[in-house]
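Asks: Residue numbers (this note's numbering), protein chains in the order written: chain A, 1 to 417; chain B, 1 to 226.
Honestly, the hints are just simulated from the structure, not real lab data. Heads up, the beta-carbon is just placed ideally off N, CA and C, and yes, glycines get one too. Check each hint, because a few of them may be wrong.
Heads up, simulated DSBU-like pairs for lysine-lysine below, C-alpha to C-alpha not over 35 Å straight-line [as the list claims (entries may be wrong)]:
1. B/Lys9 / A/Lys329
2. B/Lys123 / A/Lys17
3. B/Lys78 / A/Lys45
4. B/Lys74 / A/Lys407
5. A/Lys231 / A/Lys69
6. B/Lys78 / B/Lys9
7. A/Lys404 / B/Lys123
8. B/Lys9 / A/Lys404
9. B/Lys74 / A/Lys2
10. A/Lys65 / A/Lys215
11. A/Lys102 / A/Lys231
12. B/Lys141 / B/Lys74
13. A/Lys102 / A/Lys329
14. A/Lys2 / B/Lys128
Partner residues aside, some chain A positions facing chain B, computed with beta carbon under 7 Å [what the hints assert, rightly or not]:
15. Leu3
16. Thr10
17. Ala14
18. Thr321
19. Ala324
20. Leu354
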Amino acid sequence: MKLLLQIALTLLRARLKQTIVAAVGVTFGITMFVTLLSFMSGLNKMLDGLIGNRTAHVRLYNEIKVSAKQPIKLAYPDTSAHHFISSVKASNARLEIYNANKILQTLDKDERVLGYSRRLSSQVFFNTGASDITGFLSGIDPEKEVSYFHFEDYITLGNAIDVKQIPNSIILGKPLAETLMAEIGDVVQVTTPNGERFQLKVVALYQSGIADYDKTQSFASLSTVQKVTGKGNAYITDIQVKLKDILMAPKVAKEYGGIFDLDAIDIQAANSQFETGTQVRTIISYAVGITLLIVAGFGIYNILNMMIYEKMDTIAILKATGFAGRDVKRVFLMISVIIGLVGCAAGLVFSVLLTTAISKIPFNSAAVPTVKTFPVDMNPIYFVIALVFTFATTWFAGWFPARKASKIDPVIIIRGK
Amino acid sequence: MAEPILVAKDIRKSFTDPVEVEILHGINFSVQKGEFASIIGKSGCGKSTLLYILSTMDTDYKGELWIDGEEMSKKSEKELARVRNKKIGFVFQFHYLLNEFSVLKNVMLPALKLNELSEEEIKENALKKLEVLGIRNLADKPANQLSGGQKQRVAIARSLINNPAIIMADEPTGNLDTANSRIVYETFKELSELFQQTLLVVTHDPSFAEGTTRIIEMEDGNIIRH
Numbered sequence: 001m002k003l004l005l006q007i008a009l010t011l012l013r014a015r016l017k018q019t020i021v022a023a024v025g026v027t028f029g030i031t032m033f034v035t036l037l038s039f040m041s042g043l044n045k046m047l048d049g050l051i052g053n054r055t056a057h058v059r060l061y062n063e064i065k066v067s068a069k070q071p072i073k074l075a076y077p078d079t080s081a082h083h084f085i086s087s088v089k090a091s092n093a094r095l096e097i098y099n100a101n102k103i104l105q106t107l108d109k110d111e112r113v114l115g116y117s118r119r120l121s122s123q124v125f126f127n128t129g130a131s132d133i134t135g136f137l138s139g140i141d142p143e144k145e146v147s148y149f150h151f152e153d154y155i156t157l158g159n160a161i162d163v164k165q166i167p168n169s170i171i172l173g174k175p176l177a178e179t180l181m182a183e184i185g186d187v188v189q190v191t192t193p194n195g196e197r198f199q200l201k202v203v204a205l206y207q208s209g210i211a212d213y214d215k216t217q218s219f220a221s222l223s224t225v226q227k228v229t230g231k232g233n234a235y236i237t238d239i240q241v242k243l244k245d246i247l248m249a250p251k252v253a254k255e256y257g258g259i260f261d262l263d264a265i266d267i268q269a270a271n272s273q274f275e276t277g278t279q280v281r282t283i284i285s286y287a288v289g290i291t292l293l294i295v296a297g298f299g300i301y302n303i304l305n306m307m308i309y310e311k312m313d314t315i316a317i318l319k320a321t322g323f324a325g326r327d328v329k330r331v332f333l334m335i336s337v338i339i340g341l342v343g344c345a346a347g348l349v350f351s352v353l354l355t356t357a358i359s360k361i362p363f364n365s366a367a368v369p370t371v372k373t374f375p376v377d378m379n380p381i382y383f384v385i386a387l388v389f390t391f392a393t394t395w396f397a398g399w400f401p402a403r404k405a406s407k408i409d410p411v412i413i414i415r416g417k
Numbered sequence: 001m002a003e004p005i006l007v008a009k010d011i012r013k014s015f016t017d018p019v020e021v022e023i024l025h026g027i028n029f030s031v032q033k034g035e036f037a038s039i040i041g042k043s044g045c046g047k048s049t050l051l052y053i054l055s056t057m058d059t060d061y062k063g064e065l066w067i068d069g070e071e072m073s074k075k076s077e078k079e080l081a082r083v084r085n086k087k088i089g090f091v092f093q094f095h096y097l098l099n100e101f102s103v104l105k106n107v108m109l110p111a112l113k114l115n116e117l118s119e120e121e122i123k124e125n126a127l128k129k130l131e132v133l134g135i136r137n138l139a140d141k142p143a144n145q146l147s148g149g150q151k152q153r154v155a156i157a158r159s160l161i162n163n164p165a166i167i168m169a170d171e172p173t174g175n176l177d178t179a180n181s182r183i184v185y186e187t188f189k190e191l192s193e194l195f196q197q198t199l200l201v202v203t204h205d206p207s208f209a210e211g212t213t214r215i216i217e218m219e220d221g222n223i224i225r226h
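Next comes chain B alone, as it looks inside the complex (with noise of 0.2 Å):
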């Protein structure tokens, strides 16, 4: 049987400002090693505010979450960080990457942080993710140099840098053109079929969708479908 990575226990969420809604209403599921799961569903339908809460950035809210069998809402500040930089991988629907530093270095610096291995041994991990993902002749770039494609590509490259339990991705394809997305959704899929890699991926792209093993839709703050 296949272990969680993730799960979900009666997670909810309210925004005070200004008055007091609830947006999440007790969100229950789990995502197995391995899975390769989308959440879709309407504009402000709630997922985007999960997706935040999954990846232990927002800690403001009720429920328990456990990622690689540990729980997380009792977890301080400095020991989600320290859990984001191993186990989650990330990548934002704008890319987000350090615009100073070169393509290599945004790439190396989650494992920098880590410092579970020497520069030498990052820094040719950081080659070897490239590599897979066929960008790895821009790796002395400035990130800035890059096209809206590269650099989601160069991003999608960092979150794999620390071989995390699970990457989460924030609407990757949405500011991207057909072609782009295209090969971000190649890319994803490959991770997902020759690496095992797990995937969480926030979208409204149903073509996107489509080509994941499992859809967990989202409706008003409760999951509709998974």
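Isolated chain A, as found in the complex (with noise of 0.2 Å):
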């Protein structure tokens, strides 16, 4: 085996040029496998996060909606006649959370959540000159929502955490704030939907990225709407709840939805097309650098076969003097993988700066503003998967080559000189 190994190794120096084209090419296909990957990935993460980071994986709500029950057929039970009469509209609907205490406790207990925070929307106008603009305000917790729900991250000026700690203070998203031509430290008036004025000071701008969004949203601590809304300070409408995996989102909404009483909607549900593109994006990638692979494994082939058709003579030479077919195989596959490994460490070692050169380019988007450069997500299994699968592609490349180097008759080519 040893001296098998030497023999390859000598044939791989004696055509160093050669060895060194086909190297790269491995190194050429790992390098954008590894790199292709971790930048679709970081790319995805990111699109993700556009989502992911600030929406509750479930969250726990009541909606106005129509009594489920009409009287009618309370009165008709007989289910095969159709009900034209639904009389009973949506009214007296409670849109807080009831005993939300107890909810709160469950959820304390719950080994599948990771954290939770409470919210209480109201629809607010605020007033700039002689014109309301509608928008809405809520009343979050402000650590929470920043260790659970990336808060901070778009919080373009300012500090989130000021609007607990300064009584009477507002957060504006960044295009309401330019229309109410509100800066941080200034005062601006809101109206709520009973008529009553409140005096609040921004503490702080936000930025999620979806505009619509932005130009009418508003946060405050939640003490704060409590008491602009007049409502008691156990007075919520919204849990969001985040779970330690996300893909349990589901059974944990229809779980809740049914101990509470409350409607619940988990993140997939909310968000199925964004569910979607991930995956096709992920597959996407791993389309691509498998393709990638596979051409360098071509490249391996073309090359063997090449160079068995140069070392006739040695392989002749070889069996001649006594090494047999399966030796002779040996030394070929030896020289593929030893190619394939080469290069895939090269190509390692490449893709390793060229992740680091692309997390070094600016990127700037509106959506996004706490991304500054591309995102690049290097993970260690990508090595994992591109050495696996060198090793088995340059083993087949170089099988078929070195078969027939086994099989090749001494005396034909010897005779054939």
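Join these two chains into a complex; the hints should help.
Replies: Take a look at the structure:
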């Protein structure tokens, strides 16, 4: 075995240029594979983050809707008939989550829950000059929003936590602030649907990247909004739950919806198109990467094939002096795998360099204010895939020419001279 | 009585492409230990074909072949490779050294493959063989920097490395000038006389054949004199 390896290495050295060309083919394939996957995965994570970071895995709330049990149905439970009358409209709808403290205690105990954040949403009017702008004011737990929903990533100016520390303060969507001509430190006036007026101090600006949303959205601390809307300090309308495993969301949502008698929606149902997009992008990047590797494999196959035609004499002499066909096959397989592994090693080094370079390229997007350069997600699993795949590809690329070499009859070569 | 190293019994060989033509019509002969035999004959009489069969490289034939007391025709490819490695030394017309390796490595390779001695011992043996052939000074040169005569002597040294039962040579002087042919002949002669090496040489050089101890003459696929 050692002898065969020695022979393989000598043959490789004898045609160093050809060897390097073959290895460079693999290097290129691996570099592109790992870089592409890292880059695509980085972009994917960024895009996922757009929705995933700030969207609750499970959202608990009350929706205004008509009663599922209409009186007419109670009177005539016969299901074969069609009821034209459904006269009881949605009324006395309670947006409030009742018994919220009990629900929160249950969430605290649930192993699957990473954390949650309470919210209270209300419609308000922002007064600027003579006109009123319709907007939404959300009461939040700033600390929890920061730790579970990356809230600070979307604060372009100021500090999210200030909204809790400074009484009567507000965070405005950036376009909204522009419309109101408000800057940090300024005071804006809001009017509640009940007609009450409040003066709130701007402490930070918020930009999610979704312009329509930012034009109307504002945030304040939960207690401020409770005060503005004239509700008690237990009044909340939303619980945003973050789970340890996002895939559990549909199951947990269904369970909570049943237990608490609330509307519960999971992130997958709320953003199904997004989920599909992520999957498609992942499939595309793997397809391109694997194509690159296969092309590199064919390169090795061709070069080995050529090499064998050139080394006919060598094969004949090895066989004449007592090397069996199997030995010859092993020599050429070793040549192939050595080319593959050397090329792969170089490819991994280059891919680290290339991804590092990409991660330094400036990238500014209104949608993701915190991202300043292209996102790259270097996952060690790509290295493992690349290594395993190179080994397999070069093995097969070498196997056919090697088998051919092992079958060559030395007499034919010697006589052919 | 001398023991036979190589015995051929009724060896027949046909080429089937494009039509079936028998080119060896039942060859019977044997080579005894220590003999320096040559096979001569006109071009196309089948002498090279016969040598390839005798050397176990060509397995597509009918008849029996015994080398050093063992029957060859039923052995597997792997076993035949081992026989070639251990029992047979080869010298070809076109030298056939591995150009990628040094002279010394070329000589050592068959012994390394045999793997019966340590690398140091093999190296020592190889140097001794080169010494015998008077080319020890070339040991570290790459094989492709040698002249034709030198290459042929390296090939002879290589054929000797495993102390084979028989050395077979296919037109060893066919590609060399008179002076180098002389040297190769002298080398063979010396091996035969000093070391009682068994040799079987295919040649069409009459002066070479004259100097051997036994001439086997072939014509049209038959042995006509031996």
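Asks: Please flag the earlier hints that this structure goes against, numbers listed from lowest up.
Replies: 3, 12, 13 and 20
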